[in-house]
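K.L.:
One letter stands for each residue in the lines below.
There are 2 protein chains.
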Amino acid sequence: METLRVSGKSRPNSVAGAIAALLRSQSEVEVQAIGPDAVNQAVKAIAIARGYIAPDNLDLVVKPAFVKLELESEERTALRFTIRSQPLAP
Amino acid sequence: METLRVSGKSRPNSVAGAIAALLRSQSEVEVQAIGPDAVNQAVKAIAIARGYIAPDNLDLVVKPAFVKLELESEERTALRFTIRSQPLAP
Numbered sequence: 003m004e005t006l007r008v009s010g011k012s013r014p015n016s017v018a019g020a021i022a023a024l025l026r027s028q029s030e031v032e033v034q035a036i037g038p039d040a041v042n043q044a045v046k047a048i049a050i051a052r053g054y055i056a057p058d059n060l061d062l063v064v065k066p067a068f069v070k071l072e073l074e075s076e077e078r079t080a081l082r083f084t085i086r087s088q089p090l091a092p
Numbered sequence: 003m004e005t006l007r008v009s010g011k012s013r014p015n016s017v018a019g020a021i022a023a024l025l026r027s028q029s030e031v032e033v034q035a036i037g038p039d040a041v042n043q044a045v046k047a048i049a050i051a052r053g054y055i056a057p058d059n060l061d062l063v064v065k066p067a068f069v070k071l072e073l074e075s076e077e078r079t080a081l082r083f084t085i086r087s088q089p090l091a092p
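If you read the sequences in order, they're chains W and Y. Each residue of the first sequence is one higher than the one before, counting from 3 in our numbering. Each residue of the second sequence is one higher than the one before, counting from 3 in our numbering.
Chain W on its own, in the form it takes in the complex (with noise of 0.2 angstroms):
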């Protein structure tokens, strides 16, 4: 499964197009995000992503979750998303 990394200065809406490019792909992508603003971003591109996939009768349901990652050595906590695509609901 593809992972995206989303910081706080990532444009969401460029995140929102790489998320719809993977979901019309294949059925999972993964965003993962580290800090208030990130993780803010990062809903963002989730929330954008549902209206660029919608023309193509896609819907999307994200499952949040804390993961570990190891960055520079340290151990840090980040948010992990599982982004789903299913049919849009009429």
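Please keep in mind that the hints were generated in silico from the structure rather than gathered at the bench. The structure presented is a predicted model; accordingly, all values stated were derived computationally and were not measured. Only true hints are included.
Same chains, same label: a pair holds when it works inside one copy or across any pair of copies.
Here are the simulated SDA-like pairs of lysine to any residue, each with C-alpha atoms no more than 25 angstroms apart in a straight line:
id : residue 1 : residue 2
1  : 65        : 80
2  : 70        : 30
3  : 65        : 4
4  : 70        : 92
5  : 65        : 32
6  : 70        : 90
7  : 70        : 55
8  : 70        : 91
Assemble the complex: chain W is given as a structure, and chain Y must be docked to it using the hints.
P.N.:
This is chain Y only, laid out in the frame that chain W set:
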């Protein structure tokens, strides 16, 4: 549907408890947050709530969306998380 309003000062464990309690008695609950800190607390709460309902063989999925709110006669954009319970995957 019940709507929980989360701020940057909300305790994720408390919000998670409220989400879990509502999901045990109804299939959907809504969480609203304005601003990066509030969105971060909301996502943490939702991730924690998954652990709270797992012993009931329940999991949840989230659909995030933008929503415009009128607060003190100013228009603010909030993030709304529509949370739906589903059977826990084996």
